[in-house]
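A.B. asks: Chain by chain, the residues:
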Amino acid sequence: MIRLRPRLSQASNTRREALWGWLFILPVTAGFFLFVLGPMLASLALSFTKWDLLSPAEWAGTTNWHSIFSVSVVHTPQARDEASGELLFQCGRHRNVPASELADWQQRNDERSGEPFECRPGYPRDREVLPERFGVVSEVSLFGNRWLLGARDHVLWIALFNTVYMLLAVPIGMALALAVAIVLNQQLRGRNLLRAVFYLPNVLPIAATSVIWLWIFNPEFGILNHLLGSIGLPANGRWLSDQGTVKPSLMIMGIWSALGFQMLIYLAALQAVPAQLYEAAVIDGAGLWNRFRFVTWPSLSPTTFFLLVTGMIFGFQSFAQPYIMTRGGPGNASRTVVMEIWKNGFADLEMGYASAQAWLLGVIILLITVANFRLARRWVFYEHEQHV
Amino acid sequence: MSEALRSLAPATQQADARRQAQVLRALSYIGLFTLAFIVLIPFFWMLSTSFKPARGIFVMPPQWIPNPFILDHYFTIWQKTHLARGLVNSTFIALSTTVGEIATSTLAGFAFARMRFPAKGPLFGLLLMTMMIPGIVTLIPTFILFGELDWIDTFNPVILPYLLGTPFALFLSRQFFSGLPRELEDAAKVDGASFFQIYRHVFMPQARPLVATLFVLGYLHRWNDFLAPLIYLRSPEIQTVSVMLARLVDFYVQDWSVLMAGAMIALLPILIIFVVLQRFIIESVAFSGLKG
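Top to bottom, those sequences are chains A and B. Going by the numbering used here, the first sequence opens with residue 1, and the numbers climb by one from there. Going by the numbering used here, the second sequence opens with residue 1, and the numbers climb by one from there.
FYI, nobody ran anything at the bench for these hints, they're computed from the structure. Quick caveat: nothing in here was measured; it's all calculated off a predicted structure. The beta carbon of each residue, even a glycine, is placed where N, CA and C say it ideally should be. Be aware that one or more of the hints could be misleading.
Unchecked claim - Non-contacting residues of chain A with respect to chain B, defined by C-beta distances greater than 12 Å in every case (computed):
#1 71
#2 72
#3 78
#4 85
#5 88
#6 102
#7 107
#8 115
#9 119
#10 127
#11 129
#12 144
#13 191
#14 251
#15 290
#16 370
As the list claims (entries may be wrong) - Reference listing, derived: stretches of chain B covered by chain A, where coverage requires no fewer than 3 residues with Cβ under 8 Å from a Cβ of chain A:
#17 206-219
#18 277-285
With the hints as constraints, model all of the structure from the sequences given.
C.D. replies: Right, here's the structure in full:
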């Protein structure tokens, strides 16, 4: 190109371009400062205050953070009778059964159930051994010893445990999605239809699918128990109304909902794997498994990484599904961290405390993302590396 | 495998391989269609329940095809709740935020891809950082901010932040504009076109695939939003259909036929969009996922 313009105007052109450039990015940048960076810092500041929005905010120092991290592990051996030093047991509701009377108790029937008494080692009551105002997060009893994990805000730690527990649905779903994607990655009739069917649950509003699954999981009249019964499996699952099964139930729905997305991304990545790689593997005499192990899996590792990281970030912020389906119950068995933040912030108007909880979650997510990127260096294989 | 290679193998081995491939293919079909059927069961169950009389849902074993087949629950939902209004609200919110997001994000994406200005690199890095920050961290202060502005229970809090663009759309736009040929703006510059004219009349007409992708993904995403609408939209007149449906669960406890009719209404618009634009939506998701 021939430059006809004088130098002076070249400089003013550069300035003009800079001004227009800044103008074009102004809305997006303003959005970033107004709705991301600003609130993020404000949130950190708020976490050091006590504020219910009604009265003026009070500086609270590290009180909120102190409450969050007031955690203790208490070890208690089996209780003993103070006078005789005998070990104590608990039979049914009856505490403080001395070891000498144990055999006698085991002969008798529980007045409640009518069955023989079940006796186990007795321990002091939780509130006698835990610091004041602490609740139980988790407990382990082994060989006449008991460990209690207690915390001031025990519900938050339970919620964190639940959230992490339910993250297991991410790798499980990904494994299933990969299998489906590999099978679907052939010249099959109806492939597009199948792809659409698998993806459908992901595209529909989570509120609607949550209401549907609420009805599916209904213990008496839900279709799940009926279908299980009709193929000869136990049909008495309490699903969402049982502390033991509520998390797996939510995970089942979560996998159903995310499967299509993960499959779609895997399928797109599979189609990008160079055919020569497979041809070379076949010539080397590689069977189905070895082709998967040495060609497919390494080629897909960036995709696996992407799905894992986004799935975890998404999973850590799970809210709509447990909110609609269980409200965090039964007990606290399906409460998630975001539900806790929501409750503290918008139901109890504890803005300072909720901000601290939100920051805690944000930092956890960030740390896990960073850790994922670190680990990725070991196992993720990017195509351009092979040319280096 | 190439033909040359295949002809090297003895004939029997070829026949074996072909039979093995056929068996594998048949198994694939059986597996895939079974799974597809399982994936769809929740929808059959929803449909079936929504057309049953209230007492029919407690009949065991459950009837898949309702007899009698009634539409009453759809009328109940339509008349006794604001769900119709919710559909309008959801559409309005999804539409306006998506259009606004596309306008601001493509403009900034264009600038980051094709223009030179100081602090460009660091600014882009800063904006991309937003993608790494979990939304939950900003929730409480933004709520307080919107409270101060007296915007609680208005559309503003669920629309305005998106109008200023999203990092996802910005990232995708910049990627797209970076890939267009250099000659495009050179000719326009010689003609003395302004930067905005170049963006508007030279680049945007090329960006149809980008705009379509951003539109579909943004629209679906906004329609499915739950937490922010739940917090900000209090009165039924302005609630989204998702929030309304969640509230109905408390009103129609155990009235599963009505709730399933509600769920059906809440997902129908998206279902229709999906059926019509199925191929395009799937390609958009796959495309953006690979870029992400």
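A.B. asks: Take the hints in turn and mark each one as holding or not.
C.D. replies: Outcome of the hint check:
1. With 12 Å as the threshold on Cβ separation, the claim that residue 71(A) sits away from chain B holds: the shortest Cβ distance comes to roughly 22 Å.
2. The beta carbon of residue 72(A) is kept farther than 12 Å from every beta carbon of chain B, the shortest such distance being approximately 27 Å.
3. With a minimum CB-CB distance of about 43 Å to chain B, residue 78(A) clears the 12 Å threshold, and the non-interface call stands.
4. The beta carbon of residue 85(A) is kept farther than 12 Å from every beta carbon of chain B, the shortest such distance being approximately 53 Å.
5. The Cβ of residue 88(A) sits about 45 Å from the closest Cβ of chain B, beyond the 12 Å cut-off, so the non-interface label holds.
6. With a least CB separation of 46 Å from chain B, residue 102(A) remains clear of the 12 Å interface cut-off, as annotated.
7. Under the 12 Å C-beta cut-off, the non-interface status given to residue 107(A) relative to chain B holds; the minimum distance is some 42 Å.
8. Here residue 115(A) stays apart from chain B, with its beta-carbon at least about 30 Å from theirs, past the 12 Å limit.
9. Against the 12 Å criterion, residue 119(A) stays outside the reach of chain B, whose nearest CB is about 40 Å from its own CB.
10. Distance to chain B confirms residue 127(A) as a non-interface residue, since its nearest Cβ pair spans about 32 Å, more than 12 Å.
11. With a cut of 12 Å on Cβ distances, residue 129(A) stays outside the contact zone with chain B, its closest approach being about 34 Å.
12. The beta carbon of residue 144(A) is kept farther than 12 Å from every beta carbon of chain B, the shortest such distance being approximately 43 Å.
13. Distance to chain B contradicts residue 191(A) as a non-interface residue, since its nearest Cβ pair spans about 9 Å, not more than 12 Å.
14. Consistency note on residue 251(A): stated as away from chain B, and its beta-carbon is indeed over 12 Å from all of that chain's, at 15 Å minimum.
15. Interface exclusion of residue 290(A) from chain B stands, the closest Cβ pair being 16 Å apart, more than 12 Å.
16. With a minimum CB-CB distance of about 9 Å to chain B, residue 370(A) fails to clear the 12 Å threshold, and the non-interface call is violated.
17. Look at the region 206-219 of chain B against chain A: 0 of its residues bring a Cβ nearer than 8 Å to a Cβ of that chain, fewer than three, so the hint is violated.
18. Only when three residues or more bring their CB closer than 8 Å to a CB of chain A does the claim for the region 277-285 of chain B stand; here the count is 5, and the claim holds.
Hint check: violations occur at hints 13, 16 and 17; the rest are consistent with the structure.
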